[in-house]
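Asks: What follows is each chain in one-letter form.
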Amino acid sequence: MESAFEAVKELLSGLWTVLIHLFRKPITEQYPEYKRPLPVRARGRIILTLDPDGEERCVSCYLCSAVCPVNCISMEGAERPDGRRFAAWFRINFARCILCGFCEEACPTSAIQLTTDYEFAKTNILAFVYEKEDLLVNHQGKDKEYNFYRYAGVTSKYGDKGEHVGESKPVDIKSNMP
Amino acid sequence: MLLWIAGFIILLVKLTIVLGVVLFLAGYLVWVERKFLARLQVRLGPNRAGPFGLLQPLADIVKMLTKEDTVPDGADRAFFLLAPAVVALTALLMFSVVPFGKDITVLGQRVPLVITDLNIGLLFVFAMSSLSVYGVALGGWASNNKYGLLGGIRGAAQMISYELALGLSLVPIVMLAHSFSIVDIVGAQQKYPFILYQPLAFLIFVISAMAESKRIPFDLPEAENELVAGYHTEYSGMRFGLFFLGEYVHMMVFGGLLAVLFLGGWRGPFLPPVVWLLIKIFLVALFMIWVRGTLPRLRYDQLMTLGWKVLIPLALINILVTGAVGLM
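Protein sequences appear in the order of chains A and B.
Sequential numbering of the first sequence, starting at 404, is according to the numbering used here.
Sequential numbering of the second sequence, starting at 12, is according to the numbering used here.
Rather than coming from a laboratory, the hints here were simulated on the basis of the structure.
Not the full set, but computed from the structure, chain A residues with beta-carbon under 10 Å of chain B: (1) Leu414; (2) Thr420; (3) Leu422; (4) His424; (5) Pro429; (6) Thr431.
All figures in this text were calculated on a predicted structure; none of them were measured in a lab.
We put the CB at the ideal spot given by N, CA and C, even for glycine.
Work out the full structure, taking the sequences as your base and the hints as a guide.
Replies: Below you can see the structure in the form of C-alpha cells.
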C-alpha cells in the first residue's frame, strides 16, 4: 500500500515538473532566421586564394590531392614560361569532400583554404563538382602576408638563388674556402 | 413516405457534419499534439507551414497522399490493404453514439442530436473497440515482417486485457444510469457528473482508455526504439495515414466517451452544448498529451501486471461496492 502511494507521488511530481516546463521559453534556434555564430576555424567550402601580389598561390604540388582521405581533389600541373608552376586544371568534388581540412594543413603555399561557408547544399549532385574558376577567389583568405616565391629557393622575379628572405648565398661546392 | 425521406435527409446531414468535424478535428489534434508536446519539451514545434504552423495537417495530408503506396513482397495482399481501413473505420463508427446536444426541433420534427441513439450504445462502443484489434493484429501479421508481427501480437494482447478493465469500469455507470444508452447516461447526470460518484471508475477508465488507444505509456505495439514502428512498419503513404488517423480519432472518441460518461457530456453553463462537449474532449486530449510528455513506456510484464492484477480487481471491487450502496 505504501509503495502505491509512493508511486502516485512520484507520478504527480513528474507531471508537475513537465507542466512547469510549459512556461519556459523554448530554446529552439530558428535556423534560416538565426545563424549560430561559428568558430573562426570552422571548416566549410574550400577556396583557392591569391598571393598578396595578385597571382595564384597554387603551385600544383599534389600534396592536397595526396593527403585527401576521400580522393576528392584532382589537378594537373603546368609551368609558365618564367618557370612558375600553376594548376592547368583543378577540381574538387564536394559530393565526396568531408571537409576534414587535411588539404589546408598539407598546402605549402597557403593556396587551398577552408572557409566558414557551409550553406552550399544542392539538389543536383553533378553541380557539386567545382572547377578551378569556381574555387578561385580574389583575396588572400586567412593568410594575408605569405607569398611562397619570396621564400622559395628558386629563381624568380623575386630574386635569384640566395637572395630571398632569410636565405644565405649558395655554397660554391668546387671550393673548400670558407 | 415523406416523413421517411425527411428523416433520411436529416440523418445524412448529421452524418456529413459529424464526419467532417471529427476528421477536421483529428487533423488538428495532430497539430495540437505536436505543438503542445513541443512546448512541454521546451521546443517550438511546427511553425513553418502557415502562421503558427496551422497548415501543417494539410501539408501532411498532401505528403501522405502523394507518397508511393507500397506492398511488401510476401505480404498477404488482401489483409494488408484492408487492415488500415478497419482501424480508421471502427474508430469513426464509435463516434456515432456520442450525443452532442439536447434534442432540437426542425420543421415540427424532433431531431435528437446524436447520429443513432442505440439502446445498447455502450456495448456498441465496446464492440467497435474490440474490432479495431483486428486491424492492428492483421496489419502486423499480413506485413510479413517480424517487427510488424511482434507489434500486432503485442497490440492484440494489450487491447484484449485492457478491454476487460475498460468494460468493468463502466458497469457501475450503467448501474447508476439504469441504461446502456449513452443518451440516457448523459440524462442521468443532470444534477452531478458521474466523476463525483465514481472517481475510481473514472481513474480505471482513463488508464484503460489510454492503453486502448495505444498511447504512451502504453504504446508497446508501436514502440519505436524496439520495433521500428510495430504493426505499421511496412505501411506507407495514406495507408499509414489511416492508422495515424485511427489513433487520433480514437483519442477523440475516448475524450468524447470520458466527457459523456463521467463529465456530464454536453452539459455546462453559458456556452452551447456542442461547444461544451468539444471543450471537454479537448481537455482530455491535452491531458493525454501531457501524460505522453511525462511518462516513459511501460515494460511488457508491467503492462500485463497493471492490467490483470490491479485494474481488473479494482474494477470488480468497485462494482461490488456500487451494488451494495445501491441496495442500501
